[in-house]
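Position chain B relative to chain A; hints supplied.
Residue numbers (the working numbering), protein chains in the order written: chain A, 1 to 679; chain B, 1 to 679.
It should be emphasised that the hints constitute simulated quantities derived from the structure, not laboratory data.
Keep in mind it's a predicted model, so treat the numbers as computed, not measured.
Glycine included, every Cβ here is placed at the ideal spot set by N, Cα and C.
Some clues are possibly wrong.
Said to hold, decoys possible - Mimicking DMTMM-like on lysine to aspartate or glutamate, the simulated pairs with C-alpha atoms at most 25 Å apart in a straight line are:
{"#": "1", "chain 1": "B", "residue 1": "LYS33", "chain 2": "A", "residue 2": "ASP71"}
{"#": "2", "chain 1": "A", "residue 1": "LYS621", "chain 2": "B", "residue 2": "ASP619"}
{"#": "3", "chain 1": "A", "residue 1": "LYS677", "chain 2": "A", "residue 2": "GLU436"}
{"#": "4", "chain 1": "B", "residue 1": "LYS531", "chain 2": "B", "residue 2": "GLU548"}
{"#": "5", "chain 1": "B", "residue 1": "LYS9", "chain 2": "B", "residue 2": "ASP342"}
{"#": "6", "chain 1": "B", "residue 1": "LYS451", "chain 2": "B", "residue 2": "ASP420"}
{"#": "7", "chain 1": "A", "residue 1": "LYS618", "chain 2": "B", "residue 2": "GLU190"}
{"#": "8", "chain 1": "A", "residue 1": "LYS621", "chain 2": "B", "residue 2": "GLU140"}
{"#": "9", "chain 1": "B", "residue 1": "LYS559", "chain 2": "A", "residue 2": "GLU596"}
{"#": "10", "chain 1": "B", "residue 1": "LYS625", "chain 2": "A", "residue 2": "ASP140"}
{"#": "11", "chain 1": "B", "residue 1": "LYS230", "chain 2": "A", "residue 2": "GLU374"}
{"#": "12", "chain 1": "A", "residue 1": "LYS621", "chain 2": "B", "residue 2": "ASP189"}
{"#": "13", "chain 1": "A", "residue 1": "LYS230", "chain 2": "B", "residue 2": "GLU596"}
{"#": "14", "chain 1": "A", "residue 1": "LYS361", "chain 2": "B", "residue 2": "ASP114"}
{"#": "15", "chain 1": "A", "residue 1": "LYS621", "chain 2": "A", "residue 2": "GLU461"}
{"#": "16", "chain 1": "B", "residue 1": "LYS33", "chain 2": "A", "residue 2": "GLU374"}
{"#": "17", "chain 1": "B", "residue 1": "LYS9", "chain 2": "B", "residue 2": "GLU548"}
{"#": "18", "chain 1": "A", "residue 1": "LYS247", "chain 2": "A", "residue 2": "GLU207"}
{"#": "19", "chain 1": "B", "residue 1": "LYS383", "chain 2": "B", "residue 2": "ASP420"}
{"#": "20", "chain 1": "A", "residue 1": "LYS471", "chain 2": "A", "residue 2": "ASP455"}
{"#": "21", "chain 1": "A", "residue 1": "LYS230", "chain 2": "A", "residue 2": "GLU196"}
{"#": "22", "chain 1": "B", "residue 1": "LYS33", "chain 2": "A", "residue 2": "ASP39"}
{"#": "23", "chain 1": "A", "residue 1": "LYS618", "chain 2": "B", "residue 2": "ASP189"}
{"#": "24", "chain 1": "B", "residue 1": "LYS335", "chain 2": "B", "residue 2": "GLU408"}
{"#": "25", "chain 1": "A", "residue 1": "LYS9", "chain 2": "A", "residue 2": "ASP446"}
{"#": "26", "chain 1": "B", "residue 1": "LYS463", "chain 2": "A", "residue 2": "GLU141"}
To be verified - On the chain B side, residues computed to face chain A include the following (Cβ under 8 Å):
{"#": "27", "residue": "ASN117"}
{"#": "28", "residue": "TRP118"}
{"#": "29", "residue": "ALA130"}
{"#": "30", "residue": "VAL137"}
{"#": "31", "residue": "ASP263"}
{"#": "32", "residue": "VAL265"}
{"#": "33", "residue": "ALA544"}
{"#": "34", "residue": "LYS559"}
{"#": "35", "residue": "ASN590"}
{"#": "36", "residue": "TYR592"}
{"#": "37", "residue": "GLY628"}
{"#": "38", "residue": "ARG633"}
{"#": "39", "residue": "GLY640"}
{"#": "40", "residue": "PRO647"}
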Amino acid sequence: MAQYDALLKPLRIKGLTIRNRILSTSHSPGYAHDGRVTDRYVRYHEEKAKGGVGLTQFGGATATSIENSIDYGQLNGADDSIIEGYRRMADAIHRHGAACMVQVRHGGRRERWDIANWLPAFAPSAMREPVHRSFPVAMDEHDLRRVRDDYAQAVRRAKDGGLDGVEVSCANQTLIDQFWSPDVNRRTDAYGGSLENRMRFGFEVLEAARRLVGDDFVVGIRMSGDEMIKEGLSQDDCIAIARAYAKSGLVDFISVMAAQGRDYRSNALSYIGMDAPLAPFLHLASAIKAEVDLPIFHATRLADVATAARAVEDGHIDMAGMTRALIADPHLAAKLRDGRVDDIRQCVGAVYCIDRVVHGKDALCIQNPATGRERTVPHEIARAPARRRVVVVGAGPAGLEAARVAASRGHAVVLFERQARTGGQIMIAARAGWRESLSGIQRWLDGQVQKLGVDLRLGQEGSAAAVLAEKPDVVIVATGGRPNKGIFAGAELALSTWDVLEGRAAPAESVLVFDDNGAEQGPSVAEYMAERGARVEIATPERQLMAEIGMVNFSPFLRRLYAKGVIISPDLGLASLTREGNTLVAVLRNEYTGAEEERVVDQVVAEHGTLPNDDLYKALKPQSTNLGEIDMRALVAGTPQAARHNPDGRFQLFRVGDAWTSRNIHAAIYDSLRLCKDL
Amino acid sequence: MGQYDALLKPLTINGVTIRNRVFSSSHCPGYNKGGHITERYVRYQVEKAKGGLGLAQCGGATGVSAENSYHYGQINASEDWIVPEFKRLTDRIHAHGAKCTVQLTHGGRRERWDAENWLPAFSPSCRREAIHRSFPVVMEHHDIRRVQRDYAQAVRRAREGGMDGVELSFQAGTLVEQFWSPAMNFREDEYGGSLENRVRFGLDMLTEIRALVGRDYMVGLRMPGDQMLKDGLSQSECIEIARIYARSGMVDFISVVAAQGSDAVSSALIWPSSWVPPAGWLPLASAIKAEVDVPILHAARIADLPTANRAVAEGHVDMVGMTRAFIADPHLLKKMLEGREDDVRQCVGASYCVDRIISGHDTVCVQNAATSREESEPHVVPKAPRARRAVVVGGGPGGLEAARVLAERGHTVTLFERDDMTGGQINIAAKAAWRGTLQGIQRWLDQQVRKLGVEMRLGVEAKAGDVRALDPEIVIVATGGVPNPGWFQGRALATSSWDILTGRVEPAENVLLYDENGAHQGPSAAEFMAKRGSKVEVTSPDRALLLELGETTYGAFMKELYQAGVVVSLDLRLTQVYREGNKLVAVLANTYTQQEEERIVDQVVGECGTMPNDALYFDLKPFAKNGGELDLRAVAGGRGQDIASNPDGSFQLFRVGDAWASRNIHAAIYDSLRICKDL
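Next up, chain A with everything else stripped away, as it sits in the complex:
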């Protein structure tokens, strides 16, 4: 345990004592509704507090001004109606001994003009940012005055709401760092030009805030340690800014991140996932810590407690941001404290959480569906009143989760898996170069089911007879799917993405990858083959590749595909495939005009999701009490399954994951968790 001691020491900032060094940094999971705190949002943070976190910073990107567009489910901190919400949040978090703060932020040009209030975006200069795409108003003097006062009021509301402090966002190229950065700020007045001028607006904001909240209230900033673009702030510039703000005495802590979020590529750096090693930007925080005399916070891929403890112990930072680690396991700190480090479900860096939010949805964890659903789905599974015999067939993510949850309920669980190991499609996905850490999902689930005493029958196909021989009360069919290459003439001539990733087919010289799925599979294979020397074209009937996944994932994929010379051809369907001598002729059809073009290649790989492996389900159906029917209203409400249509039935039968229909890892795990928690 001593190896984690550094993490468990309290930290004092002014009058605030934080019980340990584990931090959840400001982020917006998209759970606020119309700018207001919701029950869902409170429970999400309360769970972290219960789980032992030291400080939870909620309300990422909380709005300060009427022109802010609340399009990511942020909080609206622009008027006093938020104060009551802050109090609810603070009460819930304080009840469990954690500290809490809110982040306030004016997005500047990082806003949309055509939603909510239909007000334009504002920025130091009129240049547009490629992600939010608004042409901003170059701020007039009255705009500067207004926003500065709005910021001060927003800070005051945090204090009135009983929070322990506030973080003023000067990161992600939101308004204040838009002034800082020469990439955005082209002004010729007192707010542009020299670094001193560019820092002026931020100082004015902090001074105005201090006039309202005094010196005792904790106010910190979050900033970049290096904008990582040639037109922007260098690491030296960022250190100079940190020094100036620290010296001003206006600031009580600095939270450091990387890059700036101007475009997809930069967002992918700021929120980097499995594309990077652990703690990739710790040096940026450490460099600032060496120069200023304030507590330094930092988050980015501090995914495990060992890395986090070392970062604090070695003096790089004062608080270790484990934001995504706490999304994967909100009880991380408590498990650490209780010596249950092995039970921590570790973040694998899939960035499913962030990618959902940046595309306007709610954050969900790829592997822990209880997070963000605390009202209906428990993090700790309750024991069932009676022990039942449960048979699960298939040990992909859905089957593993079903076995884990059923065993946690106290049931006797048999898990059949045809292959020699568990993991299912996760293990295929993890074969694509930089996506290896996905296998962490399997590792944890496998470890848990073993620990819970599940009767694991590897290498055994759970036939109907084998299942029935167990005399089950409940059967969960989690047999997954088989690759669907799509509906075109000559589909049998195409390889599946599985054929390639599992090594059954070696990449040939020239390859056409046809991706009619839009998720990771097609690009994974294109990269995999290009890396092994193939000349690859990837075609899709969509407007763009990866329509199903978000920018933090599509950006590294695109960077790698382009760098490896992969040609991307959108708007093309695959009409037919024929063999001609040693080669394949693919006829591609323009989705808009129907015009056809041909490709002559050595290999075609086609990806169109999976088709359910449902033979076992169909074989068992007539013998089940519910004839396989899931009561969907009950499933949604989180109440037990009660459908009974067959008086002769002997067991309840359910299918989950891709055996039901082709979706993703989260859907598979969520199917199992919400079904099995009530069995």
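For chain B alone, coordinates are given in the frame of chain A:
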């Protein structure tokens, strides 16, 4: 008035007497939240009833089952709590003499599986649709029965909620049409194969419905007259289906559409913009009317009263849908009845309303900013307590609307316009091939301001002195913008999209069009040039073209561009243009790798929105009472402007539209309406 007699005759359908032949067809404007009916939605519908509409078909795509998702702001009729909400809506519509129905829809595969309830999509077969991209579950018998029962329950809720009837959506590629269509249904059981089998699901559903609500409740359906889809339902099959359903005696009306919306081009057909000729699909409705004995309803690009009247008078349809016509002017019929037909603001077919919805926003009208904002914006502008002198500079959409609203308020208005006609950028946009009807926006506004006695100073570029000489109390600067080709080096060598569309610059032989805007301008100019013989490549730093616009516009543009041989190259940022002999060299950098490539062309056209034409604004600012400041909280809250920061100022000064920031026609008009309605 005899001219419109056919439109004004009442019609009785299964005991419901509708006062005239004009209806607003079922559509979902996206105003409802979490499936609940909002006040905004009620007022939106009530305004049309006030305006004389016969039948308001409410609740486009209203959900019936737990698995339906509400991401377009639909109503959820799958639970009984909707009944009192229906009641609130129907009572208020009935109070103005109109009748109303609700459209009940199970989307089938046309749903997302990763929103709200996280339930999979369901369809007769496992064939994915390109827009919603869900791999559906192949419906089992228990799914079929469940959905039929859900539909019947939803009809019951509509009746209990005071709806005069329901429309069952068997169109837009939703579930029942998925069963009908051989391009979507590949079943081998009694629900697939022969036409008789494919229509079974819908007929059984109607039987279930009639068993619950009886024969004397109005139940109609909406269906395609031709799927316009390879291997889909032809026109003759659609007619046959209409005959079967009519003959069943269970259907009280049939509403006819074209196509099915399962990809972007089909969306552009089913919800036709100016890309499709007026009343383009009337023959499909007419052909069904000739074969069946139930009333036929039809909507699609019937924008004007003479066309609508003819459609009924000549017996093509029994009721004519003027859905978007009522969005542009909810008082359309009332104005006709009052003999003010000239005052009708006619729909121009921009499809901004539809495109916003299918992109997940709320519907707003490109030209009428009051529609759906009835809580704060008036359709009829009330007089001000005191007449004031107002000057408006610029006769684009922002300036025309400002002049119109100020004149309606009773103020004395002078309007300066540098050109010799009003319209501003609308006149440029309307030069594009199939977008000529945009001119209607200018025509209506121009005619209204003249009628209202605004003093027009055309061909006069107003200087600060000219404005001040009029001793105004109100000055609106609506001077628009100047084209911005982008921020690359050598931008002076680039031509703007304005130069091309207005004919100031002839298209050259080889053209690179760089579109960093993502709206109409770039593709309009590309199509314009390609159709005049240029070889055009369009490049963009975005992942796809037209990111600012919706799918119906995207579908039309892409078809035109590809047909004209335009090459589309994505993920490329233009960094530099330089001259080399007679040619221009353009340097493009990959957005993800920064790798550079070159193009040697005769012409580079750059499109990156506009920069504000704000010299006049800054010249006037020192003399303004409010220093040019707009109170944003007041404007967003629908309150008057009373900033008086400059005691020496003599007038209130506001800038609107692109003179403030580069946005679009709606933003310009909305700026003016909401500021000026309180002046």
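Holds or violated: B/LYS230 to A/GLU374, with C-alpha atoms at most 25 Å apart: Judged against 25 Å, a Cα distance of about 47 Å means the pair is violated.
Hint consistency between A/LYS471 and A/ASP455 [alpha-carbon to alpha-carbon, up to 25 Å]: With Cα atoms ~14 Å apart, A/LYS471 and A/ASP455 stay inside 25 Å; holds.
Pair hint outcome, B/LYS463 versus A/GLU141 [Cα-Cα no greater than 25 Å]: holds, 23 Å
Restraint check for A/LYS361 with B/ASP114, where alpha carbons must lie at most 25 Å apart: holds, 9 Å
Given pair status - B/GLU408, B/LYS335, alpha carbons within 25 Å: holds, 17 Å
Evaluation of the interface hint that places B/ASN117 against chain A, nearest CB under 8 Å: holds, 5 Å
Proposed proximity, B/ASP189 with A/LYS618 (alpha carbon, max 25 Å): The given pair, whose Cα atoms are some 15 Å apart, holds under the 25 Å limit.
Restraint check for A/LYS621 with B/ASP619, where alpha carbons must lie at most 25 Å apart: Given that 25 Å is the threshold and the Cα spacing comes to 80 Å, the pair is violated.
Interface hint outcome for B/GLY628 [beta carbon to chain A under 8 Å]: B/GLY628 check passes; min Cβ-Cβ to chain A is 7 Å, inside 8 Å.
Given pair status - A/ASP140, B/LYS625, alpha carbons within 25 Å: Given that 25 Å is the threshold and the Cα spacing comes to 16 Å, the pair holds.
Hint check: 8 Å Cβ-Cβ cutoff, B/ASP263 to chain A: holds, 7 Å
Straight-line alpha-carbon gap B/LYS9 to B/ASP342, limit 25 Å: Holds. B/LYS9 to B/ASP342 sits at ~22 Å (cutoff 25 Å).
Of the numbered hints stated above, those contradicted by the structure are hints 2, 3, 11, 17, 19, 25, 39, 40, listed in ascending order.
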